[in-house]
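Trainee: These are the residues of each chain, in order.
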Amino acid sequence: MGKKFGSFFTLICLLGLLVSIVTPAYAHKVNIFAYAEEGKVFTESYFPDGRKVIDGKVEVYDSQENKLLEGKTNKEGLFDFKIPKQDDLKIVLIATMGHKNSFVISAAELAGDEDEGSIDTSSTANTEKETSVKKTSARRRHAPKKEPLPMAGVLGGLGFIFGLTALILQFTSKKK
Amino acid sequence: MHISEGVLTPQVWVGGYVVAAGLAAFSLKKMRTDELPKVSVITAIFFVASLIHVPLGPTSVHLLLLGLVGVVLGTSAFISIMVGLTLHALLFQHGGITPLGANACMMGIPALIAYGIFNLRKNFSMKYGEAIFGAIAGAVAIFLAGICLALLLALSGDEFVGVAKVAVLAHIPVMIIEGAVTGFAASFLTKVKPEILDGRALDASGY
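Those protein sequences? They're chains F and Y, same order as listed.
Residue numbers 1 to 176, in this note's numbering, belong to the letters of the first sequence in order.
Residue numbers 1 to 207, in this note's numbering, belong to the letters of the second sequence in order.
There may be inaccurate statements among the hints.
Said to hold, decoys possible - What the simulated footprint calls covered on chain F by chain Y, stretch by stretch (three residues with Cβ under 8 Å from a Cβ of chain Y suffice, anywhere in the stretch; the number is not a length): (1) 59-71; (2) 151-157; (3) 164-173.
What the hints contain is simulated information worked out from the structure, not anything from laboratory work.
Don't be surprised by glycine CBs; every beta carbon is placed ideally from N, CA and C.
Kindly generate the complete structure, drawing on both the sequences and the hints.
Mentor: Laid out in structure tokens, this is it:
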């Protein structure tokens, strides 16, 4: 029993050592975020650890899955295009090494942008202008730069692994 | 290094599932019940290690530990990696459900090859054999995973050489780190608990 515990302890120490020398982040997926402003759609692409997606391929589809246009992200992970169609637009990001994700910007949001634009150009009440600016700022800030490690998922995964092992061992020991 | 949902063509991901199912069955058949505690601990290490990254100058890399999983678990490595990847896909949307089989092959096959490389040490009576062959196994596993990734993407329409270059070059730091980690771990375990590396259970009756 003592030796068994010692072996487990050794392996747990190795795990602890690994976790302690590194910091949490992900590089397994990519994120893309888009917003409409002044007749254009602006996209921001990044890995969840905050790195920009450079030269990532961006494809834009309408609600019927017809490809409308494509382009590449720049060094800042940004790509923008004129609104090609008043429809739900699906913006697909294809990064290197099998990474892919998409973002849907609704027709309502595209239309809303036009409304906001008309408020700005007509120079009506200052309060309306400020609201428009605040909305835009809020959207831009929405793009997260670094996601925290989802501890609930990590604990859930570890619980599943050890729980399943315990169940199998319990079942097989009863069988014997 | 997880392939995302929608990247592979149906033929490739279905093929991935077929190969993965065969290898998982082989892995399960070879695994003994008394190995389960060891397999579960290594699966937990693989599950967590893939979620963390090492800052390295202007860039950052994340560990995979395919070599370590292969060296410690042997043929059980494949099922361990498959469970870990399933949890990644379900809990964090890393990879995806349809490319799960292909991802398992991409990481599981190099882990099995790493085990084969590590076993070659028995043919050479050299000092630090475990450390040297462990390091080679750790580095080669990452290299092969990069090649497998390029091959899977090439089968789905991408150009093989270009993707392989990017995948291998991007993972050179990971190869070095994992080679060092696997070599150190193999050397350390040989000194303190050699039965772990010989494919025997932690609570083996051979004490």
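Trainee: Hints first: check each against the structure and report whether it holds.
Mentor: Hints and how they fare:
1. Counting residues of the region 59-71 of chain F whose CB falls under 8 Å from any CB of chain Y gives 0; the rule of at least 3 is not met.
2. For the region 151-157 of chain F, the assignment as covered by chain Y holds, since 4 residues bring a beta-carbon within under 8 Å of that chain's beta-carbons and 3 suffice.
3. Coverage of the region 164-173 of chain F by chain Y holds. Counting CB-CB distances below 8 Å, 5 residues qualify, and the rule asks for three or more.
Hint violations for this structure: number 1 only, all remaining hints satisfied.
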